[in-house]
Amino acid sequence: MGEYLLRAIDIHKYFAGVRALDGVTLEIKPGEIHCLAGENGCGKSTLIKIISGVYQRDSGTIEFDGQAMNRITPIDAIMKGIQVIYQDFSIFPNLTVMENLAINSQLAANKKLVNWKNMRKIAEEAVAKIDFKVDLDAVLGTLSVAEKQMVAICRALMFNARLIIMDEPTTSLTKKEVQALFKIILQLKAQGIAILFVSHKLDEVFEISERFTVFRSGKLIKTGNTADLDDKKFSYYMTGREFDVKTFSPSRTTEEPLLEVKNLTLDNSFENISFSVKGGEILGITGLLDSGRTELALSLFGMEPATGGEIFIHGKPVKITSPQVAIENKIGFVPEDRLSEGLFLPQSIGDNIIISEIDRLTNGILMDKSRCKEEIDRWVKEMAIATPDPGNAASTLSGGNQQRIVLAKWLACNPDVLILNGPTVGVDIGSKHDIHAILQELADKGMAIIIISDDLPEVMENCSRVLILKHGRTAGELSTQDITESMILDRMM
Amino acid sequence: MENKQAGAGSKIKNIYKSDRHMWRLIIIMILWFVFMAVTKFSKFYTVVNFQTMFAQFPEFGLMSLGVMVCMITGGIDLSTVGVANMTGISMALLMQWASGESQELSPIWILIVFVLAILIGMVTGAINGILVSKVHIPPILATLGTGQLFTGLGLVMTNGSAISGFPSTYAFSINNRVAGIPVQFLIFVVVAIVMAFLLSKTTYGKKLMLIGTNENVAKFSGLKVDHILIKTYTLSGICSALGGMIMLANYNSARSDYGSNYTLQCILIVVLGGVSPNGGKGKISGVLLAIFLVRALETGINRFPQISSYYISLIWGAVLIFVMVLNYFTENNVKLFSKKKA
Amino acid sequence: MQKLVRKLLQRNETYIFLIIFALSLVIQVRSGQFYTPNNIVDILSAMIVPGLFAVGAFLVILTGGIDVSFPALASLTAYATTKYLLDTNYEGNILIPILMALVIGAILGAVNGFFIGYMNLPAMIVTLGTASVFKGIMQGTLESKQLAVIPSGMKDFGTSSLFTATNAQSGLSSRMPVAFLVVIFVYVLAFFVLRYTILGRGIYAIGGNENAAYNAGYKVKRTKFLLYVFAGMTASVAGIIRVCMMQQCHPTNMLGMEMNIIAGVVLGGTAIVGGRGTLTGCFLGTLLIVMVENSMILIGVPVIWKGVFVGLLIVIGTAVSAYQSTKAGTKRAKKREEAA
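Protein chains in written order, with our numbering: chain C, 115 to 607; chain Z, 11 to 352; chain A, 107 to 446.
Only chain C is shown next, with the shape it has when bound in the complex:
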């Protein structure tokens, strides 16, 4: 065996004339944990798909275990011991855990008939490998995200994997689950399996990987040992820009809170939550995935109306029973998942911006086209959305610009209170900084902002106070000026 398990050298790939990969190189040693990082659209997903045989490269060479691989099909890759765990885990939600585990190997073995006893045996062996406890007869759709991922990992291990590629595996995991995953990864490494860990989260890269490779715009920027890396360098490699971290402190706040919540309760999700936000403040709400943070956000916006407690806006009690009521009361809400909750991807950028305020852009019953256009132009300019034409589809933009559209949509409604659930999930570092800057500026202009996030550095950097939730209850409220991340973590866990 040579020094490297996998060598992908000088890979080029074009899609319909657009260059996706421009001569990138990736080398992975046997049994190492290698992190592949880069912003959205940098080509890392494309390279993974080339290695796993989903796409074919236009030029370049790939060697696995010292052997050149010319044309790779998905089955070839599996046979060589390359396994990919995709972000959606590529599982069947309608089948049982057992079938999910066994079906791939049965297919790979070119079996025609199903032997249920044999399938159960395969599944039992698969979960035993990493000591994963799960009901094999449970339908997969009923499991938690972390459990689904474990199923995907177990499945990958069945093929005598030599290299496991994990595509942003921590995206929807809780902190605890991420730690569990890292433990498994180290276990796999001990068995001599190399891991290619795709991520753009700094802390994870530092914690788990030995070596790293960074791509930017389809080009290789840097590869080396993680030990030689620090935060600043990493951001620079990813974005090509340097950032100053500026911690937010409110310049001036309103006397009275704009939003006050007393003993808010949603059955089976959270209970007795109380807090208040003044204009000019940024409040952080954090907690684990099961803490009820998302549900709290949904209740404040009327998607899942609270079942108990009171909400005051400008000191007046209101019952927020639907998003329309929330909007009437000048609450804006940037949801967690941009793709399924935030944006009409195939529709124009303009329509995405004005949709929530559209009822105001009329004269009587007719839509006022010129005012619509004015609004669109104004927000495209104000939010610096990088597009040649606001008539283009929102899907043509990068993650960061898309998130700006969602922000613009709510700012156009002129809210007093803006609630953001995971404002920078899936947004690259550059845009993340820009969005933070925008939020701080908005607060300085007098808006009350609530950031709900489990990204602690984000919370520490932007929020003046932080509310910590645990199992649907308040686990503390701290001022960020005089605490450390670990103090929040202690209360979260």
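Rather than coming from a laboratory, the hints here were simulated on the basis of the structure.
Even glycine gets a Cβ: it sits at the ideal position worked out from N, Cα and C.
Mixed in with the good hints there might be a few duds.
Computed from the model, here is a short list of chain A residues facing chain C with C-beta under 8 angstroms [said to hold, decoys possible]:
id: 1; residue: 266
id: 2; residue: 302
id: 3; residue: 304
id: 4; residue: 310
id: 5; residue: 311
id: 6; residue: 314
id: 7; residue: 315
id: 8; residue: 318
id: 9; residue: 321
id: 10; residue: 381
id: 11; residue: 382
id: 12; residue: 386
Each computed DSSO-like pair below joins lysine-lysine, with the alpha-carbon atoms no more than 30 angstroms apart [said to hold, decoys possible]:
id: 13; chain 1: C; residue 1: 430; chain 2: Z; residue 2: 234
id: 14; chain 1: C; residue 1: 347; chain 2: C; residue 2: 333
id: 15; chain 1: C; residue 1: 262; chain 2: A; residue 2: 325
id: 16; chain 1: Z; residue 1: 229; chain 2: C; residue 2: 262
id: 17; chain 1: C; residue 1: 376; chain 2: Z; residue 2: 234
id: 18; chain 1: C; residue 1: 303; chain 2: C; residue 2: 235
id: 19; chain 1: A; residue 1: 113; chain 2: C; residue 2: 247
id: 20; chain 1: C; residue 1: 487; chain 2: Z; residue 2: 229
id: 21; chain 1: Z; residue 1: 229; chain 2: C; residue 2: 376
id: 22; chain 1: A; residue 1: 327; chain 2: C; residue 2: 225
id: 23; chain 1: Z; residue 1: 53; chain 2: C; residue 2: 483
id: 24; chain 1: C; residue 1: 444; chain 2: Z; residue 2: 234
id: 25; chain 1: A; residue 1: 113; chain 2: C; residue 2: 262
Guided by the hints, dock chains Z and A onto chain C, whose structure is given.
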């Protein structure tokens, strides 16, 4: 042909690309009219022929407009024909009753039946809308069931036979011409203008399009999704009911199995007109063109006595699939090639 | 035992079975005619054609597709086969007609399968289109008319019976057609394929997550294609059987059956989006529709009300299952919270 024009500039290509569906329809239409001019000029290009065409297409044209709005939301309305027939039957029965023995009917009744027909359309449409939005039944199943139900009710009302013994006042006034223009067509024009207005000038149209794109995002954007869906199916119900009223006039009778081809034909027209079956995309102009094209095709084919009229269903089916295949190639060609390489 | 009851209560099939049972009791009480040997044989015999259609429709819906063309497809096949055999003075047994129907059905099904499987066009629109084309070929090209006479082999098949059930009281008797064996054969085949072959699990897998099925190594396009071919074949056989049983070929009287068949499959618990459903449910759902269509007269409901009842059944049935799935959704969410 394309090679020759390639020099004529990418300009034409760009215009074509900007609204592919429209241009495709216009080209097909021109070709057809030229073909008819060459082969059957004297039989096709007559005032009477065009008047007949314009009297015939409003019945399914109106239903197509209803199916169109539902399809823009990502749904479908399979109950149109059921609603149309049930409306026609109940109004025929009403007029029968109102005229009594005399077989005479005062013109005011025409207004009354139209208002009542619209009401029936609203109620039936609202039922569909509620089933789809509040009860969360997939539109295809909900409207399939209600369509069956309305057809069944029509059958019960007529006892399975046709109702024809009602005063001719109604058929006479609708099946008439004002300054040479068929009344049916005028009704259609009014509805089409209202629809076009709703879709392009009001916020309703924009919201409709966005709900069709992604219902969940629409909810998060604060749109009253249920409300708009109910409105949309109600609109479709009204269109169907009016379609039924025109059928009543054209046939001078009502029966619960009239126009059973129209369900398919409406979907064909709407897809042909460029509305995406997945929702979120479509223009009324395309659908209007498609309505007219379908009628012109059928009328034209009828001018060839040697071709069985049964071929028309074959041609429609083939055209529908052909259009889908065309869309597939124009929209997915990049994907297609890369996949073939893989 | 308790676990078994709880498991049964979670299943759609249990409810549909209870509804069928309740309906049968109502009919029995009102007319005293349901639980008689001849009525049960009548219902089973009425199940033959819808039952065959339903298997094809069920498999297609399982993958997340839909087929509304099968009645037109079956009509075309049945007419073409019968007409050709009449014209050639065919004197032999039923095997050749069935074989012909299978071949024609496979070809027509392949048309659907090609557009839907390989070109990935929306199934609903494609099958609406092909239904229209099939009808056009039958009525236009073949100039279909009612055929009052059918070949002797088909006639014999239609009249031959497995056994005859007689109602001792009324003296009425009903034959169980041999064709019922075909239904049993197709259901057993479908059951075996779904449960014990990798291909069958693939049908569920594709319905659950098409991309994952592709990643796992399934030939998704080919599987879909083959299913439409299979649906075409079963529908065609059903068409031929119907002609045999009716002793004549009426080209258009199967048209319009698609809606009730699909409704039956969905009432049986098959998710219209695919991935979920059982053959038992498919059979029971179809049985319910057939019972409503055929037995209403026994409780004094005039035949003319059939459409209303079937329509109501579809609306209420789908509403209940829609309600159940939203409830299941929230339950699942809660369970996930507890697990997390």
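Evaluation of the provided hints:
no., hint, verdict
1, 266, "35 angstroms, violated"
2, 302, "5 angstroms, holds"
3, 304, "6 angstroms, holds"
4, 310, "6 angstroms, holds"
5, 311, "5 angstroms, holds"
6, 314, "4 angstroms, holds"
7, 315, "5 angstroms, holds"
8, 318, "4 angstroms, holds"
9, 321, "5 angstroms, holds"
10, 381, "4 angstroms, holds"
11, 382, "5 angstroms, holds"
12, 386, "17 angstroms, violated"
13, C:430 / Z:234, "25 angstroms, holds"
14, C:347 / C:333, "17 angstroms, holds"
15, C:262 / A:325, "24 angstroms, holds"
16, Z:229 / C:262, "28 angstroms, holds"
17, C:376 / Z:234, "28 angstroms, holds"
18, C:303 / C:235, "25 angstroms, holds"
19, A:113 / C:247, "22 angstroms, holds"
20, C:487 / Z:229, "24 angstroms, holds"
21, Z:229 / C:376, "26 angstroms, holds"
22, A:327 / C:225, "19 angstroms, holds"
23, Z:53 / C:483, "46 angstroms, violated"
24, C:444 / Z:234, "17 angstroms, holds"
25, A:113 / C:262, "23 angstroms, holds"
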